[in-house]
Amino acid sequence: MSESSNLVALCDAADVEEDTPVQAMASGAVYAVFVKDGAYYVTQDLCTHGPGNLSEGFIEDNEVECPFHQGRFNFITGAPTAAPCTDALRIWTAHVVDGKVCIDPEESRT
Amino acid sequence: MIPDHVVVVGAGQAGGRAIEALRGQGFAGAITLVGAEKHLPYERPSLSKEMLLDLGQERIVWVRPAAWYDEHKVERRLGVAVTAIDRAARTVALADGSSLSYGALILATGTTPRQLPILHHSHPRVLTIRTIEDSQALRPCLVDGAHLVIIGAGFIGLEVAAAARAHGCAVTVLEAAPRAMARGVPERISELYAKLHRERGVDLRFHAGVIAIEGERPIVHLRSGERLQADAVVVGIGVIPNDELASAAGLAVDNGILVDAQGRSNDPAIYAAGDVAHHHNPLLGHSLRLESWQNAQNQAIAVAKTILGQDHVYAEVPWFWSDQYGINMQITGLTDPQATVVERGDLDGYAGVLFELVDGRVVCAVGLNAARDLRVAKQIIGTKLPVDSAALGNPAVKLTDIYKSLKSAS
Ligand SMILES: Cc1cc2nc3c(=O)[nH]c(=O)nc-3n(C[C@H](O)[C@H](O)[C@H](O)COP(=O)(O)OP(=O)(O)OC[C@H]3O[C@@H](n4cnc5c(N)ncnc54)[C@H](O)[C@@H]3O)c2cc1C
Ligand code: FES
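Each protein sequence line maps, in turn, to chains C and P. This note's numbering applies: residue -7 is where the first sequence begins, and numbers increase by one. This note's numbering applies: residue -15 is where the second sequence begins, and numbers increase by one.
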């Protein structure tokens, strides 16, 4: 479990919609924030294949489709699910604190 | 029956993706990749974009790194073309005199740039852009003050024009048709892009006829009598499918190799994928040949799955993009000159979506810096259902909501 003191706020939870993820910046890094059935998920925003921003992506079930070449990832696990994507996304546990989606940037998850 | 040996002819994007999918789906038999180019499969879109914009580095987008082919036991025969197919013996002959036998053969031979009919010999400063070497040959010409004449205002010609302007070249674009990218986009988009290029300093001319090119430093002679002194000429007037191998072997060919929705030719052991495949698309209800990144990837994946007995139907709404002056254009569906047009957002500011409707159904959408909306537009086209055009044109109504209501109605 991360210490709450390590948490940084990314965005207002209320700003995230199922079909419109949110791009968030914190300490120089860029994240994509997703919500699905009331639970929040955070991944790196940059696609592992190229220049696409996943926060601009198209959502279908648990998957985000990259707007650049339409590769796909499961945003809950970070796993690539459609070509041309082959490398997983980094993901962080989302904590909702005072209506804000927060993460511990140092958290290591695979 | 699943073949023991798959031979792939053409080490381009489609060939590479077919192999990746074969291995990804667990195919354990032998795979041989034969390619006329000396390179492993790579993606071409950057050849007229990043490769020409960023002259400081050369970034090739490989389908897979070289080590992947070793790890996945893919035999490579690169720099050698297949010269004939013997369908009865199920063998292919290679230009080096060797031959290979196949259980299944994938023809992914792509296309070749159309040459200017008036140019009877190749000229070192008259270039087309299809390969890494083509792009490499153009890079040194992109210097401040050089004059580049581009023949053809299609996607590639205009991307080259945009890159050349970024380096300070004088650019003249000569197009025979009355508008830009005429085959691929609606008239309104052609007009917006003509305006964009002219604002950025391109001398863009329509109805232009080139009658001759001569001289070491090429002089382009126009039908009007005018002569243009160029430092280099880029010809981007379309491509021709590499289907001679197939037609010589008696396969059904008509502007590409004729295949069904699973990528099968009229020979059950031979498939075609990518730019060369004139394939049936059940979603669109007709056959077509596409020259696009998406098709090269996904139609090839469908072929791989079909070979493995999964009978995978390829039925996607076409999708294409082009990047010019930092503006990302995406096109989904097929443009139709008879269509009614609905606009959403600020197209004049190069931020919005243009929809084309036929019988109340969206058949094509073009997005300018509007990737997410365009993706939803692709879903809307896929439903083939009539939509409320007032809602489409109203940015206050979310496209995803329009799509959801269509989906729940179907
Ligand atoms: C400059 C450029 C920019 C592009 N930009 C975009 C874009 O922005 N968006 C988009 O959607 N699409 C774009 N495209 C189109 C896209 O790149 C093509 O649709 C795609 O490359 C087709 O893949 P393919 O594998 O079918 O053919 P190719 O990539 O052409 O590969 C075919 C290969 O087969 C080889 N071959 C041919 N005959 C033989 C033979 N007899 N034996 C052995 N090998 C053979 C060829 O040498 C070639 O290497 C662009 C294309 C170009 C050239
Ligand atoms: S950049 Fe995301 S799929 Fe290519």
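Take the hints with a grain of salt, since some may be wrong.
To be verified - Once the Cα atoms are required to be at most 20 Å apart in a straight line, the calculated SDA-like pairs of lysine to any residue come out as:
no.	chain 1	residue 1	chain 2	residue 2
1	P	Lys391	C	Ala80
2	P	Lys391	C	Glu10
3	P	Lys33	C	Ala6
4	C	Lys28	P	Thr384
5	C	Lys28	P	Lys33
6	P	Lys382	C	Ala6
7	P	Lys382	C	Gly42
Calculated from the structure, these hints are not laboratory results.
Do the hints match the structure? See the list:
At roughly 31 Å between alpha-carbon atoms, Lys391/P and Ala80/C are farther apart than 20 Å, so this suggested pair is violated. This hinted pair checks out: Lys391/P and Glu10/C have alpha carbons roughly 16 Å apart, not beyond 20 Å. Restraint check for Lys33/P and Ala6/C: the C-alpha separation of about 39 Å exceeds 20 Å, so the hint is violated. Our distance criterion of 20 Å between C-alpha atoms is met by Lys28/C and Thr384/P, whose separation comes to about 16 Å.
Under the criterion of a C-alpha separation no larger than 20 Å, the hint pairing Lys28/C with Lys33/P is inconsistent with the structure, at around 37 Å. The straight-line distance between the Cα atoms of Lys382/P and Ala6/C is roughly 17 Å, inside the 20 Å bound, and the hint therefore holds. Between Lys382/P and Gly42/C the CA atoms are separated by roughly 28 Å; this puts the pair beyond 20 Å, and the hint is violated.
The structure does not agree with the numbered hints 1, 3, 5 and 7 stated previously, though it agrees with the rest.
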